[in-house]
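Protein chains in written order, with this note's numbering: chain A, 167 to 494; chain B, 167 to 494.
One should not assume that every hint holds.
Note: identical chains are not told apart, hence a pair may lie in one copy or across any two.
Claimed, not checked - Below, a list of computed lysine-lysine pairs in the DSS-like style, where the Cα atoms sit at most 27 Å apart: (1) K457 x K229; (2) K204 x K424; (3) K296 x K320; (4) K195 x K320; (5) K320 x K268; (6) K391 x K416; (7) K472 x K416; (8) K448 x K391; (9) K396 x K171; (10) K229 x K424; (11) K269 x K320; (12) K405 x K195; (13) K418 x K288; (14) K195 x K229; (15) K189 x K320; (16) K229 x K320; (17) K182 x K268.
Hints are computed from structural coordinates only; laboratory data are not their basis.
Number of protein chains: 2
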Amino acid sequence: MKKEKYELQYGRLLEKIEKRIEKLFNNKKPASLYEPCKYALESGGKRLRPVLLLLSTKAAGGKFNDAYNAALAVEIFHNFTLVHDDIMDNSPIRRGRPSLYKKFDTNTAILAGDNLIAFAYKLLLKDCQKNTNQIIEIFTQGIIDVCEGQSLDKEFETRRNVSLREYRNMISKKTAALLTVCTGIGGLIAGANYEVVRILMNYGKNLGMAFQIQDDLLDITADEKTFGKKVGSDLIEGKKTYLFLKALEKAKGEDKKKLLRVIKNSGIESNEIESYKSIYEKYGVPEDAKKEIDKYTRSALNGLNKLPDNEGSLMLRWLANSLINRTK
Amino acid sequence: MKKEKYELQYGRLLEKIEKRIEKLFNNKKPASLYEPCKYALESGGKRLRPVLLLLSTKAAGGKFNDAYNAALAVEIFHNFTLVHDDIMDNSPIRRGRPSLYKKFDTNTAILAGDNLIAFAYKLLLKDCQKNTNQIIEIFTQGIIDVCEGQSLDKEFETRRNVSLREYRNMISKKTAALLTVCTGIGGLIAGANYEVVRILMNYGKNLGMAFQIQDDLLDITADEKTFGKKVGSDLIEGKKTYLFLKALEKAKGEDKKKLLRVIKNSGIESNEIESYKSIYEKYGVPEDAKKEIDKYTRSALNGLNKLPDNEGSLMLRWLANSLINRTK
C-alpha cells in the first residue's frame, strides 16, 4: 500500500517537473541555440535527480515549492553532461533518439551544453533565498567532480591496469557526485543545519555508488526486453566496469587470458557475450556486485535513520530500495 | 607622466595576475584534465578582463586584494570561450601556439572548457563576501550572453542578409557582455550601490562595443608587423564585420556586386585584399568605423564622470583612451 502511495507521489512530482521543463526555453532566441537546448531536455527519463533534490528538501523540513527551480537546475546539469559525453564517447543514440550532436552537429552540441551549464546556475539562483554561497559551492564542486570523473573514465579506456579502487574513485566523481549535489542542495534550500546536510549528502553519495554498480550489473543480467538496450554492451565496448575489473581480479589461467583479450582488443564480438557471462558466473562476480550494491545501499539507508520520519525521508528510503530492485 | 604611471600600475597588476594563474592548477589531478586547463590559461595576452575587474573594484572604493580571485574567474571565463570557440571555428592557432584542441584533441578541449567554467565559479565564490546572489547572477548571465552571441555569429556565417543592427546585437553579447560582467562584478565586490554598478556596467558595455569595432578596423588598417596577424584575415574568411556590413550598405553597382561575391564564396583570396580595401576607402567606411568607435568610447567615458576621481576611475578612463589608440 505504502509502495503505491510513494509511486503515485513520484509520478506527481515527475509531472510537475516535466511541465516546467516544457516551458523552460519558450520564446528564447536565437533558435539555433535554444532548439538544441530544448531537445536535450525533452528526452524524458526517470528525472531521478530533480526528484532526489525535492525529496531532500522535504526530508529536511522544507517545501517542494521552494525547490523546483533547483530541481530543474540539477536535471539541466545532468543533461549538459550527457550532451558533451555523447560527443566524446561517439554515442549516436540517447534514449532511443539521435544524440544532440547527431541530430544537429558537434559545434551546436558543444555550445548548447555550455549554455545549459549557465542556465542551470540561473535557475538554481532563483531558489537561493539562504545559504547561497554553500549552494553554489556544492553545485560548482559537482561540475568539477563530474569533469574529473569523465576525464578518468576516458583515461581508463586506454589504460591496461585499472584497479577496483581507481574504479570506485572514478564513479564516485562521474556518477555519485551529482546525486550528492542533489541531496545536499535539497537540504540547504530547506535551511537545514550542517549535520542534516551531511547525512543527506552521504545518502546521495552512497546511493550514487550503488546506482552505478547496479547499472554495471544490469548490463549483464537484465532481461533485454525490459532493459531497453542490448545486454552485454559494456563487454562489446570493452568498458572497465565493476564486474569486469572484479572478474579480472579473481580469474586465473585461461579465463584471465580471455579477459585480458577484451582490454587488448578494446571489446568483444556480440557472439562472445555468453562465454564471458559464464566466466563472470564461474567466479561469483554478479554476487560480488550484488554485495557491493547492498553495502552502499545499507550505508545510504543507515544515515537516514538519524532523520525524523516524514514524507521526504520515507520516500528517500523507499527510493533507495526500489533503485536496487530496478530492472532498467 | 600620468600615462607612464598608469602603464606601470597596469604592469604591476598584470604581474600579480600572472603569478596567481601560474599556481592555479598546481597538483590538481587527473593530469589528463588539468594539463590542458593550465595550457589554456598560460597563453598570456593583455589580461584585459581581470585588470578591468580590479580597476572597477578600486573605482567603486574597494581594494584590489578583495578581487583577485574574481579577476582570475573572468580570465578563466574568457579562456573557456576561446577553447570552445577554436573548436567551433576550426582555428588551429591561438596567440602563436596550437589551439588547445590541436595541441591535445577535441574531446580534451571540450572537457577542459567545461571544467574551466566550473573553476571560474569556484574562484569567483571566494570573493563573494557580500552581494553573492547579484555577482553570481551577473556572471551567469554573461555566460548565457556569450553563448547566444557565439550562436548568432555562427548563424551569420551562412546567412546572406545581416544588418548592422543585428551585428551590434551580436557583438554586444559575444564581446561586450563579458566586459560588462568584469566591471559590474568589480563594483559589487566593493559593495557599491546600484547606481555605481550601473555606471560601471555601462562603461564595460560601451568599451566592449568600441573594442570589437576597433578589432574589425585593425584587421584592415593595422601595420602587419605590429599587429601580429595577417591584415585582411576577416575578408579572407568572409567574416561579416562592421566594415564589411557598412560597405555593403553604402556601395553601389559593381562595388556592391563585388562585396556580395564575398558572401557567396565565403571569403576572398589573399591577392584580392587591396582591391577590397579600396572599396572600403572609396565609401569612407574606415572613417565610419572610427566614428562608431569614438561614439562608444565617449559613452563609456561620460558615465565615468559621475564617479569620484581615484586610482581606479582614472585608470579606467586612461584604459578606454589607450584601447582606441591601440595598434594590435
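Taking the hints in turn, this is what the structure says about them:
no. : hint        : in the structure
1   : K457 x K229 : neither (35 Å within a copy, 56 Å between copies)
2   : K204 x K424 : neither (45 Å within a copy, 40 Å between copies)
3   : K296 x K320 : neither (38 Å within a copy, 39 Å between copies)
4   : K195 x K320 : between (34 Å within a copy, 14 Å between copies)
5   : K320 x K268 : both (21 Å within a copy, 18 Å between copies)
6   : K391 x K416 : neither (31 Å within a copy, 65 Å between copies)
7   : K472 x K416 : neither (38 Å within a copy, 74 Å between copies)
8   : K448 x K391 : within (25 Å within a copy, 71 Å between copies)
9   : K396 x K171 : neither (32 Å within a copy, 69 Å between copies)
10  : K229 x K424 : neither (54 Å within a copy, 64 Å between copies)
11  : K269 x K320 : both (24 Å within a copy, 17 Å between copies)
12  : K405 x K195 : between (40 Å within a copy, 22 Å between copies)
13  : K418 x K288 : neither (53 Å within a copy, 47 Å between copies)
14  : K195 x K229 : neither (33 Å within a copy, 38 Å between copies)
15  : K189 x K320 : between (35 Å within a copy, 26 Å between copies)
16  : K229 x K320 : neither (40 Å within a copy, 43 Å between copies)
17  : K182 x K268 : neither (29 Å within a copy, 44 Å between copies)
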